[in-house]
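So the sequences go chain by chain: A and B. For the first sequence, numbering that gives the first Met the number 0 assigns the number 0 to the initial residue and increments by one for each residue that follows. For the second sequence, numbering that gives the first Met the number 0 assigns the number 0 to the initial residue and increments by one for each residue that follows.
Hints are computed from structural coordinates only; laboratory data are not their basis. Errors might be hidden in some of the hints.
What follows is a list of derived Cβ distance ranges for each label pair [to be verified]:
{"#": "1", "chain 1": "A", "residue 1": "Gln86", "chain 2": "B", "residue 2": "Leu25", "range": "46 to 56 Å"}
{"#": "2", "chain 1": "A", "residue 1": "Ala300", "chain 2": "B", "residue 2": "Ala27", "range": "54 to 64 Å"}
{"#": "3", "chain 1": "A", "residue 1": "Arg411", "chain 2": "B", "residue 2": "Leu25", "range": "24 to 34 Å"}
{"#": "4", "chain 1": "B", "residue 1": "Ala27", "chain 2": "A", "residue 2": "Arg411", "range": "24 to 34 Å"}
{"#": "5", "chain 1": "A", "residue 1": "Gly320", "chain 2": "B", "residue 2": "Tyr30", "range": "29 to 39 Å"}
{"#": "6", "chain 1": "A", "residue 1": "Leu695", "chain 2": "B", "residue 2": "Pro8", "range": "26 to 36 Å"}
{"#": "7", "chain 1": "B", "residue 1": "Trp23", "chain 2": "A", "residue 2": "Asp412", "range": "27 to 37 Å"}
{"#": "8", "chain 1": "B", "residue 1": "Ser42", "chain 2": "A", "residue 2": "Val255", "range": "15 to 25 Å"}
{"#": "9", "chain 1": "A", "residue 1": "Val249", "chain 2": "B", "residue 2": "Leu25", "range": "13 to 23 Å"}
{"#": "10", "chain 1": "B", "residue 1": "Ala27", "chain 2": "A", "residue 2": "Leu138", "range": "48 to 58 Å"}
Think of the CB as a built atom: it goes at the ideal place given N, C-alpha and C, for glycine as much as any other residue.
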Amino acid sequence: MSVAACPACAGAVPGPRAATPDATHLLHLPDIHCGGCISSVERALTALPDVLSARVNLTQKRVSVAAPGLPSQVLIDALARAGHRAQPLDRGRLGPRDVELRRLLTRIGVAGFAMMNVMLMSVAVWSGATGATAQVFHLVSAMIAIPAVAYAAQPFFGSALSALRAGRLNMDVPISLAIVLASGASLAQAFGLSDRAGWFDAALALTFFLLVGRYLERAGRGAARSAAAELAALEAPQALLVTGDGTRVVAADSLVPGDRIRLLPGDRLPADGTILSGATDLDRSALTGESAPAPAGIGDAVQAGEIALTGSVEVRVDRAGRDTALSRMAEIVATAEAQRTRYAGIADRAARLYAPLVHGLGAATFGGWLLVTGDAWLSLDVAISVLVITCPCALGLAVPVVSTVATGRLFRDGILVKSDTALERLSQIDTVAFDKTGTLTTGEVRLATELGDDDLALAAGLARHSRHPLARAIVAAADARDIAPAQVDGLTEHPGLGLEATHGTRRIRLGRPGWAGPDSDGPSAFLDTGDGAPRPLDTAERIAPETEATVTALRARGMDMALLSGDGPRAVARIAGALGIAAAQARLTPEGKVDWIADRRAAGHRVLMVGDGLNDTGGLAVADAAISPGSGLDAARSAADVVLLRGGLGGVTDALWTARAAMARMRQNIGLAVAYNVVSVPLAVLGYASPLVAALAMSLSSITVTLNAVRRFK
Amino acid sequence: MNVLTILIPVSTGLGLLGLGAFLWTLRAGQYEDPAGDQARALSDEHDDHPAPQAHESS
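All chains should be modelled from the sequences, with the hints used to inform the complete structure.
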């Protein structure tokens, strides 16, 4: 590589294109934020012998690495040594890059260039150029404007055509009509067919401003979509396939019924199946909302999404991929989602009202002037001025600019708004329904029983070798009291039952009622130290840190709240009592949640569902709006409009209040746009609107709504 | 007014130059990572040895 003459050029001019290797790995770096991080990541990676190149994209918080044949774990380890967290991204799931966005930018560039040049020439005409000079200016303007419009306004023409073909009117029909008529009439007049003023600059300005609105809309949606795709790509589920000679890691998508897979403690089941050997405790909370794990052994059916907590098991795959209960649920969600996307946003409603009005007004003006003056060119000219002035330039910007600003602000706070109309639906919410496990609570349990120091030390000595939630709670309790776990020997984990070990001469058991202690319904587990009666252990769920503040804030704003849970009545009542939520429903099936929400909606309420599990997806899909924590299951996140990436429920209130502020701003903007029309349309109908007035009104109203949108919220 | 025959092509040409420059920046991927470019501009790491760019061929 040659050394460039000036240091600045060196960064700007990359080496010869052919020499730059293609990226083979894509890693997500959640924590990078500054220039220092960029160089330390790139240095850590390029220091590895097999890495050809590494390039950080700070905007997307990703690094693309060219290292053919190198396992991504090597890269992740190298980054961990440099102090950076990294997760591999599955490139197949990220989907192709949005080329449409770049194409729109190109069109904006072309429209902007043409608009500025044509406006300069129009200034000459407006300031009094006549005769041959004006003619030359018109011809040159036409040479620039016609190809520019033909290229840059294609998105509007395409959309208008498809709407007309379906027998509908949308916002793009009057837009296309105005652009085509204005260009056509100006072309005729450039060749001397009429002596009216030209509209080329108006046609181009229309195209330019509307393209900017289109671009913002698409960019906002694209950012949310790519972040959602990233979430999915992070989780590329894998499976441990049992083959003739050992096990092999494969992608969960490649499993077929009849495969045998091994599940280690802590693994999430990638497919539905039957346990062939071994036993374990299954965490089904993601599917049913139940907080207590259930034991499972040989012959039991298991479902994708469940987590094996204790023993390792071998499972025969019965249904995989799209056939699993989990995916079928996701499909139900997709159908319900399609229903929700039919919700007409405020821009659509305005357009539905507006489009016929604009056409009617334009036609009436043409007819009226033709009747009165009998001059077809003059009438067409006035009609064009009406179409250009009423054209929803500001209206087309009013809504997308606000939603881009609002979603961008939420995204910086770790709140991902996935759907277009989510802000609007969120702003109308009056009832919030929460799921319990994993949403209001952290999904972890804590030890509610106070144990003596010695007992706790013994219990922690056993528990620190297990992934069972109760065991973790015991270790956490011991840590909190600074008690060192006792030394135990011969520890064995009996999946579905508990832990057993010896301490000195005593046999110690920690496990479920009926095994480590008397069979009873009350406590979750017993600790049998071989010394005195077994001690009962009670657990309570841990309420997530931001939950209480969120619930209080919602109540202060007069929101109705409800707790919809699949868990038992006792656990539900405890959380509902602690948070002061009166409407608490326990043992709800997924259908039960859907029915509850449907009832409320039928009663005229607007319901927001907040949930993370598979049993919530139905509710998330039928509710007016849905929020899911980032820790939620894939299916729940895809059913939700908003995903909280930050953790904690604080984002629920942020999203709701921002949505309300954004809606108020959108209405304001539409009001401003309409106000401009109310002033300028009478002028246009009466024939006082010259192209100069039209250009001024259009630019001013577009700039006003844009400024109003970027003004600080609240 | 004959001066127009020179000035109009000149002004249009300058405009086209600007458009060309914009399209070039777009194609060269200069809008892919605005936050990163901001930070890189201040770093003198690659001043003497420009880094090869990896292409995201996704």
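Structure-based check of each hint:
Checked against the given bound of 46 to 56 Å, the beta carbons of Gln86(A) and Leu25(B), roughly 30 Å apart, lie outside it. The given range of 54 to 64 Å is respected by Ala300(A) and Ala27(B), whose C-beta atoms sit roughly 56 Å from each other. A C-beta distance of roughly 25 Å is found between Arg411(A) and Leu25(B), which places it inside the suggested range of 24 to 34 Å. For Ala27(B) and Arg411(A), the Cβ-Cβ distance of about 27 Å falls inside the hinted range of 24 to 34 Å, so the restraint holds.
Judged by the Cβ atoms, the range 29 to 39 Å given for Gly320(A) and Tyr30(B) holds: they are separated by roughly 38 Å. Between Leu695(A) and Pro8(B) the beta carbons are some 29 Å apart, a value that agrees with the proposed interval 26 to 36 Å. Here the CB-CB span from Trp23(B) to Asp412(A) is close to 36 Å, well matched to the stated 27 to 37 Å. For Ser42(B) and Val255(A), the hinted distance range of 15 to 25 Å is not satisfied, since their beta carbons lie about 50 Å from each other.
Between Val249(A) and Leu25(B) the CB atoms are about 41 Å apart, so this pair departs from the stated range of 13 to 23 Å. At about 35 Å, the CB distance of Ala27(B) to Leu138(A) disagrees with the hint of 48 to 58 Å.
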